[in-house]
Amino acid sequence: MKRPTIADVARRAGVSKGAVSYALNGQPGVSEATRQRILAIATEIGFSPSSAARALSGATANAVGLALCRPARILGIEPFFMELISGVEAELSARSYALTLQVVADQEAEIAVYRRWWAERRVDGVLVCDLRTDDIRVPALEELQLPAVVIGGPRHTGTLAHVWSDDAAALAEAVEYLVALGHRKIARIGGLPSLLHTEIRTDAFAEVCGRLGLTDAATVWSDYTGEEGARATRRLLSSARRPTAVIYDNDVMAIAGLAVAQEMGLGVPTDLSIVAWDDSPLCQLVHPPLTALGRDIPAYGAHAARQLLAVIAGEPVSGLQDETAHLTPRGSTAPPRVR
Numbered sequence: 001m002k003r004p005t006i007a008d009v010a011r012r013a014g015v016s017k018g019a020v021s022y023a024l025n026g027q028p029g030v031s032e033a034t035r036q037r038i039l040a041i042a043t044e045i046g047f048s049p050s051s052a053a054r055a056l057s058g059a060t061a062n063a064v065g066l067a068l069c070r071p072a073r074i075l076g077i078e079p080f081f082m083e084l085i086s087g088v089e090a091e092l093s094a095r096s097y098a099l100t101l102q103v104v105a106d107q108e109a110e111i112a113v114y115r116r117w118w119a120e121r122r123v124d125g126v127l128v129c130d131l132r133t134d135d136i137r138v139p140a141l142e143e144l145q146l147p148a149v150v151i152g153g154p155r156h157t158g159t160l161a162h163v164w165s166d167d168a169a170a171l172a173e174a175v176e177y178l179v180a181l182g183h184r185k186i187a188r189i190g191g192l193p194s195l196l197h198t199e200i201r202t203d204a205f206a207e208v209c210g211r212l213g214l215t216d217a218a219t220v221w222s223d224y225t226g227e228e229g230a231r232a233t234r235r236l237l238s239s240a241r242r243p244t245a246v247i248y249d250n251d252v253m254a255i256a257g258l259a260v261a262q263e264m265g266l267g268v269p270t271d272l273s274i275v276a277w278d279d280s281p282l283c284q285l286v287h288p289p290l291t292a293l294g295r296d297i298p299a300y301g302a303h304a305a306r307q308l309l310a311v312i313a314g315e316p317v318s319g320l321q322d323e324t325a326h327l328t329p330r331g332s333t334a335p336p337r338v339r
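Using the UniProt record's numbering, the first residue of the sequence shown is number 1, and each one after it goes up by one.
You may find that some hints are simply not true.
[Unchecked claim] The following label-pair restraints were derived from C-beta to C-beta distances:
1) VAL338 - GLY210: 19 to 27 Å
2) THR270 - LEU212: 21 to 29 Å
3) ARG234 - LEU101: 28 to 36 Å
4) ARG234 - GLY314: 48 to 56 Å
Honestly, the hints are just simulated from the structure, not real lab data.
Beta carbons are placed, not taken as given, at the ideal position from N, Cα and C, and that holds for glycine.
All chains, please: the whole structure from these sequences, using the hints.
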């Protein structure tokens, strides 16, 4: 569906573009009946009166949008998104573009934001995070023909350009490292199960554990917060088949897990080894510092922004595989204690 223009309103109303401009901006030059008819047509086809001036001049918004379907409290404590946004901002500011950020409640609300932004000429394109299997945002963006780049993939992105990292390979590296240390009871505390990258990591964890003959491997899900990460850790460490190593899907949950282990009188790494995903300064500030899977997140955001600007410019863009996260061993991992 082509973004509605002032010419579309004029054609439907049978008037000139100037008459449409008068009507939308409340200026004299058209009768009240014509004004109301033009306003009704503009509303019907999704053309916002506030976009009339930009539409007449052909100007771009020089802004891109990022709508995040995450609770604001999570965004405030998770370093990943702050680093990602810093990389996006760095690339955009160098091109004199601004970033419009909005937190939404669900995917339906996110799609409504896209429609409003596009109709009102507030953005020239959008970045899409937290891809899901059969994600309803993908066909909605394809229908709108709104320039977009998905941060994620490589599956389920439709015709949209995307930037992705090989989470399966990174997960396998972490498990293989723990097995090399002698661990046979490994658990993983994952993020939101509805997210595609969580599904990819879960499948990879099951595959590598099966390949290495780890019969006691298990994944439990959480929501990336410290509170839920701590609860999941407490359940695992209280079970009869307590793991000797745990991999966490983000640094916040890993740090909460470290606190729970210490609370329960378990030594890290003597009784429990911990691996965090997405290395951050937080991982190095705790004691012991956490072994972590890390990559250059600001660069990841910058690459996504660069891809989006290319899409906006009409350049051919498809998928870009970014850097794979690699393991940095620190003091939170060691061979398991013989029980």
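Evaluated hints:
1. Distance hint check: the CB atoms of VAL338 and GLY210 are about 25 Å apart, consistent with the given range 19 to 27 Å.
2. For the hinted restraint 21 to 29 Å between THR270 and LEU212, the CB-CB distance of approximately 23 Å keeps it satisfied.
3. Taking 28 to 36 Å as the suggested C-beta distance range, the pair ARG234 and LEU101 conforms, at roughly 34 Å.
4. For the pair ARG234 and GLY314, the supplied restraint of 48 to 56 Å holds, since their beta-carbon distance comes to about 53 Å.
Checked against the numbered hints given earlier, the structure satisfies every one of them.
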